[in-house]
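Work out the full structure, taking the sequences as your base and the hints as a guide.
Chains as they are written, first to last, in our numbering: chain A, 1 to 292; chain B, 1001 to 1465.
Think of the hints as simulated: they come from the structure by calculation, not from any bench. Check before you lean on any hint, since a few could be wrong.
Cut-off 27 angstroms, straight-line C-alpha distance, at most; resulting in silico cross-link-like pairs (DSS-like, lysine-lysine) [as the list claims (entries may be wrong)]: (1) A/Lys30 to B/Lys1100; (2) A/Lys36 to B/Lys1100; (3) B/Lys1100 to A/Lys282.
A short, non-exhaustive set of chain A residues, derived as facing chain B with CB atoms under 10 angstroms [claimed, not checked]: (4) Arg16; (5) Leu70; (6) Ala138; (7) Gly155; (8) Thr158.
Positions of the beta carbon are idealized from the N, C-alpha and C atoms, including for glycine.
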Amino acid sequence: MLIRSTLFSRLSYMSRENTELAGELQNVQKQIATGKRIVNMSDEPWTISQVHMLREETSLQSVFKGSSNLARTLLSQAENGLSQSMNVMSRLKQLAVQGANDTYTLTDLEDMAEEVGNLKERLVNLANTEFNGRYVFAGTAYDTPPFDSSYTYVGSTTEVSIDVSSNAKVEAGFDGSDVFQGSVDVFTAIDDFIAGLNSDDDAAIQTAIQEFDDVFSKMGNYITRIGGEMNIAEDMFDVANSIEIGLAERLSAVEDVDAAEALTRFSMLQNQYQINLQLTSKTRGMSLFERM
Amino acid sequence: MSLLTTLHAARRGITVASEGINIVGHNTANATTDGYSRREMTVTTMYPLYRNGAWLGQGPNRASFTRSADSFVDQNMISTAGSQQYSKETFDVLKLVESKLSDATPGSIIESYREFTESMRNLSNEPDDPNLRDLVVLYANRFTNSINEVAEFATDIKDSLKTDMETSMNHVNDKLATIANLNARILGTGGSISAGDLQDQRDLVIRELAEITGVTVRFSPDGQANVYMDGHVVVQNENHRELEYYEDASGDPQIAVKTDAGRITVTEVMQGRFGGRNDAYAKINTMLDSLNNWATQFVSDFNTVHQGGYDQNGNTGLDFFTINSISPASSITIDAGILADSSTIAVAGALNATTGFPDAGDRDVLDLLIALEDSASYGSTGAYTARQELTNIYSSIATKVREAQDNYDLQSMRMEDINELRASISGVNLDEEAVKLMEYQASYEAASRVISVTNMLLGQLMDVV
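Given below as structure tokens:
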């Protein structure tokens, strides 16, 4: 069939093609400049749900990483505090064993009592261990020292739990009344021990040995528990980190541009555009009128 | 054979060649005129004379001027123009909304919602931290601002679409009157060359009208064009009906054909820019409804939980967000008291009996607020979480933009094909015209030569006398 080609339709066609090519060139330029394959949501509407979910998950993992870090720091402080407290308890027990020995005079025992008094102060300071104003043995009332000047617990009995994943929590702030005043109130036990030393009360000193053992054992249990919580926090940090990397890869696969492919496409479009421009300029002269 | 008869025949040849050159000139000059249909001249021979026992030829006769057009192609072009502009307008308007929603930009609804929820999760680790509390307020404020902006932008666009349609009505009615008027003039000019020019003008106006409102057209053999909207005639020969803009009970724009009996609403079936605008308007309306429903539910759920908590001053929780029921998304805002003082965020579940204030690490209510994120109770079916429903809102706009873009591409391809077909039927090929010019030129020269020779013969004859 005879197709009547007109100058107008040829030029219009070239103009439309050039406009379309210029638009595609601009899109590819944007993709290369931003590094994103999806410049507008409507480029691939079917990916929106996935992209939003991946961004939300990434944000969540970032929070969990921060939470795990905080938990590790607090647990480390608690472990440190307890570890030193156990050293104090060891020294107290050592003094109690010595005190129970008949070879020591009353003066020796009074000297011991003075050291025990100092150890008590040290212990209460350790029970008030804090990190950045946050007392780790105060439960949820962690903004004030859990033990006041009269060795009374003023903290909370509710432990502080931190979310380190969607399903896992770690306890990172403990009930100081349970740690230091659970089955045995260590401060009362120390006071009784001091009184025993000052009065050379052998029975009281023997009781102190037993009570110090109990407290030591309790602290040991807490250290074991803290170790367990620390492991969870560390594991969850690694998990969150690894999930975050995985999410970043998935997000990249969905919305990032393949640079090599985009650059190749840009070159192809650019060549085509230049050819079209030349064709357009030559179209003008293609008429018999030019030869009349 | 009479020399005078020959002279007359040659004269007719010159006349016809002149008219042919005129047609070529007209075609060539209009080669790039939008909507122009090529003219052709039909030439026949004059009826011969019988004289002295012989038939004598009388030369050529210009039988008619014809306008090269195919009514089926022109009708298709007009309806496709309406569909093409419909998609383009839908795309252009919704693209603006898509751009405003701006998926990944900080400050967009979805990003600020994510930041807000992230700030609450961070606060849950240290509920007494004033900096973290300030961040919750900052992101909550940014989040409500982002919803306000989108809702206000969408409302502005809706208003401007309505205003555009209303103020364009006179323009549309002028076009309808022009088409009817041109129909009347075409009927009055018979088959002259000017009839074709008027038809071109009229068809161009019909196409412009189709691009605005979308119409269908039927051409009758006498050159008249009858124009329809959804099957309702709006131009019939030299008569036309006007279109009318009105707003329905919901305040939504409607377009109707005015009739003696009242009006026939054609909004839903309209094509062209108006149809596209109406489609975009409806989509924006749906988006606003979804956003309003979302904001209402979000505020209600959040405030209910927040009221059950205690702030750092030992007071029960305020309404964290405020909202009005008329335009929830435009009005959602953070409570002024909380905005001014982040210690009034109520995240604790109880007061400490000794101090009268919540414990620093009490986050029982904050946990409940965070848990709201996972509550699948949004959307018409109540099957989506708050974030998922926001994603649905984004997705519905993006999908519509994409659909409009694909439709526009499809209609543009169709239009391109129809344009080529029309150019093939009605367009002016300059080479063809150049050849015709040569033909008419040669014909003119030959006829002139015949006159010259005949004149010479007549002269010689006169010399004999």
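* Just pull the numbers of the violated hints for me, sorted ascending. => Checked against the structure, the only hint that fails is number 3, while the rest are satisfied.
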